[in-house]
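S.K.: Numbering (full-length UniProt numbering), first residue to last: 1 to 296.
Do not rely on the hints blindly, as some may be mistaken.
[To be verified] Here are the computed distance ranges between Cβ atoms for each label pair: (1) Val105 with Pro261: 26 to 36 Å; (2) Asp292 with Glu101: 15 to 25 Å; (3) Thr223 with Pro193: 25 to 35 Å; (4) Gln185 with Asp92: 18 to 28 Å; (5) Val259 with Leu291: 17 to 27 Å; (6) Glu219 with Thr139: 20 to 30 Å; (7) Leu291 with Gly224: 35 to 45 Å.
Think of the hints as simulated: they come from the structure by calculation, not from any bench. Think of the CB as a built atom: it goes at the ideal place given N, C-alpha and C, for glycine as much as any other residue.
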Amino acid sequence: MTFSEGGQFEGGRVRKGGGRRGAVVAGGGGGVAIIVALVYMLVTGNSPTDILGGTSADAGSTGEQGYVGECTAEQANADAECRLSGVVDSLDVYWAATLPEQGGVEYAMPEVVSFTEAVDTGCGSATSATGPFYCPADTTVYEDLAFYDQLSSQFGAEGGPLAEMYVTAHEFGHHIENQLGLFEQADRSGTGPESDSVRIELMADCLAGMWAGNAATTEDPDTGVTFLEPITEDELNQALSAAAAVGDDNIQRRSGGDVNPEAFSHGSSEQRVKWFSTGYNGGTIQDCNALDASTL
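With the hints as constraints, model all of the structure from the sequences given.
M.R.: Written as structure tokens, this is what we have:
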């Protein structure tokens with residue numbers, strides 16, 4: 001998936017959180033998905049998460065100090081931090097229009113932080129081992145871009161730009177859930193195939209699919225250019241592969257253990273693909289409400 005020719009992203013949305021040694025994985029109110037030897041248990045609304053490390057890619061020119069600066073579509077197609085900045089802009093425009101219309105709530109932009117090694121958050125301190133996550137306490141999405149390499153090398157995803165964008169869109173999905181009051185409604189402390197933890201994750205996948213299904217028709221109001229070119233079949237498969245890769249059953253198998261549905265906190269690979277596809281194929285926020293779904 002590529003950004004449309006003529007696109008321009010002014011920057012200032014993605015803060016570079018920097019690296020900090022000696023941090024511990026976030027716990028407490030926000031919760032963080034922890035995978036120890038790829039066996040994990042999610043306590044609250046996070047994302048596909050896990051064991052990663054390293055540094056994120058160089059971005060475009062630095063505008064306001066500490067933030068990813070202005071990037072062209074060409075840079076966003078080639079550079080991970082510029083791509084993150086561009087997809088955040090696209091998500092902002094999409095949800096600013098869709099959330100009030102379908103959810104009756106005005107969209108409030110979450111903060112977005114690109115970090116390396118470790119970062120302090122409103123949910124506590126987190127390391128790269130946490131993977132990308134959303135912290136409801138400070139309404140911020142945190143991403144160590146090295147996770148994208150791990151998504152392929154450790155979890156077997158195909159990789160590619162749309163797979164990366166799926167991860168960000170999933171975290172924004174948690175922010176939308178939070179704005180709708182579903183984080184308070186759900187019991188995110190449990191696990192199991194029918195648990196609210198799984199339902200919250202599947203809904204975030206569906207909301208990510210909603211954005212992806214509309215990304216090629218969502219115009220940047222600053223340029224009048226659509227953010228993204230139409231998604232090809234191969235690019236869609238990248239996103240579906242990423243969704244499947246972070247299914248609980250796939251991660252449990254790759255950890256060398258047996259599949260234990262009672263430990264599920266994100267949903268199976270099949271479920272994650274199904275719910276992303278529901279959103280992608282014209283689903284609405286109501287269609288994506290896995291908390292009220294009779295079957296997952």
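S.K.: Is it true that the C-beta distance of Val105 to Pro261 lies inside 26 to 36 Å, as the hint says?
M.R.: holds (33 Å)
S.K.: Looking only at beta-carbon atoms, does the pair Asp292, Glu101 fall within the given range of 15 to 25 Å?
M.R.: holds (19 Å)
S.K.: Could one say that the CB atoms of Gln185 and Asp92 fall in the range 18 to 28 Å?
M.R.: holds (25 Å)
S.K.: For the range 25 to 35 Å, tell me whether the beta carbons of Thr223 and Pro193 fit it or not.
M.R.: violated (45 Å)
S.K.: Look at the Cβ atoms of Glu219 and Thr139 and judge whether their distance stays inside 20 to 30 Å.
M.R.: holds (26 Å)
S.K.: Range hint 35 to 45 Å: satisfied by the CB atoms of Leu291 and Gly224?
M.R.: holds (37 Å)
S.K.: Given the hint of 17 to 27 Å, check if Val259 and Leu291 actually sit that far apart at their C-beta atoms.
M.R.: The hint (17 to 27 Å, Cβ to Cβ) holds, given that Val259 and Leu291 are roughly 24 Å apart.
Taken one by one, the earlier hints fail for this structure only at number 3.
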